[in-house]
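Take the sequences, apply the hints, and build the full model.
In the order they appear, the protein sequences are chains A and B. Anchor point for the first sequence: position 75 equals 75 in the numbering used here, and the numbering is continuous, going up by one each time. Anchor point for the second sequence: position 8 equals 8 in the numbering used here, and the numbering is continuous, going up by one each time.
None of these hints come from the bench; they were simulated from the model. Backbone N, C-alpha and C fix where the C-beta goes; we use that ideal spot for every residue, glycine too. Among the hints, erroneous ones may be present.
[Unchecked claim] Under the rule of at most 30 Å between Cα atoms (straight-line distance), these lysine-lysine pairs were calculated in the DSSO-like manner: (1) B/72 to B/163; (2) A/67 to B/72; (3) B/65 to A/67; (4) B/72 to A/68; (5) B/65 to B/163; (6) A/68 to B/65.
[Claimed, not checked] Derived coverage of chain A by chain B (criterion: at least 3 residues anywhere in the stretch with Cβ under 8 Å from a Cβ of chain B; other residues may be distant): (7) 31–43; (8) 54–60.
So you can see what is in the structure, the chains are spelled out below.
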Amino acid sequence: MKSPQPTTTPTPTQPDRDSRTCDEVTRTGTVDQAIHRLIEANYVPKPLDPNQRVALEHALWERIESKKRSPWLLPGLAAGLATAALAFLLLPDRTTQPAPSMTASVTASTTSSAKKAVGTSVKAGAKVQPTQRLLASADEPASAEMDLTLLASLDAGLPGTSSATARLPADYAAIADAFLTF
Amino acid sequence: MPLGEIEYVVRSAFSQTVADEDNDVESRFATFVTGHRDQARRMAWRLVGGDNDAAEDVTQEAFLKAFSALDKFRSESALDTWFFRILVRQARMHRRWRRVRELWGGLGGDEIEESEAKGVENPELGRAIQAALLRLTDAQRETFVLVQLEGFTVEEAAQLMGKATGTLKSHLQRARVALRADLAELASEQGLTR
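If you want it as structure tokens, here you go:
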């Protein structure tokens, strides 16, 4: 029995990638070599003169020696700075705190003045603006009875409202303390 | 021999060995610096774009970093390959910082041109070559300098630059095409194409 002959497919001749002729490739190679020679010959630094060389060598070894002498200087400085920054952020300090009492008292006084305004408008028989009512009842349930009770208490001058206004001088002192103590 | 005395002898022997090793490392490094200084400076000069002062800074910084990291050097690669990798990285960092300075107006274009012209023998020709090289991308220029001008193989250059060999071949080809377009005329004027 005859074994089948292996079929050999003729390999097609590989065309040049950008279909350049052999001459072109050689020419390109020559140009590349010329450019290479041109750059190599004309793109070099001027050689150092001996004095300069000695000075630079000296500077290099000086730097190496100083680095050897103080290997922990830079990490130490960095650690010190980081510690100082952390301490500044973590330690209680008036200047870095958000000063909640100021905000609370300002809100309280704003609310009380709004309530007062509503109260005086009601007394004078004027129509209360919706924004005024909203501000006045911002921290209470929005019911008519509550509003009326509040207005009545405002008219009577209950200590709840007067205490908020009475705290004002202390607030001013706190603000001044926060901004002026540096 | 009492125990304290033995300890003293061992300790002094150990510290002597360490000191000897230190001296040995230093002397070897000094030999290395002497042997590679010129090549390092020339390479840095070409990598930073032809600035003498910058090249000197980069070279010194690279030697300094290499000395500081000598204990981290493992003998997997040759000492010069390891050092040139540091140098390439240092030059790259210098170029980045220079770009930042240019961006923020610290260094004008005239200043760069002035410093570039200082190093070369023929300033006119040097400037033309410089301009052609500056038109390449950073990676193309780096590849061209390492492979064509400094004589590293593509594999060695890939190791120095931390990139794949194929990428470097592509950079090199593009750099050649760009330089051919820019400098072929100049090369024929200089009578180099014959």
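Cross-check of the supplied hints:
1. B/72 to B/163: holds, 22 Å
2. A/67 to B/72: holds, 16 Å
3. B/65 to A/67: Cα-Cα ~10 Å, so holds.
4. B/72 to A/68: holds, 16 Å
5. B/65 to B/163: holds, 22 Å
6. A/68 to B/65: Holds, at roughly 12 Å.
7. 31–43: Answer holds; 11 residues pass the 8 Å Cβ test.
8. 54–60: holds (count 4)
In summary, this structure violates none of the numbered hints.
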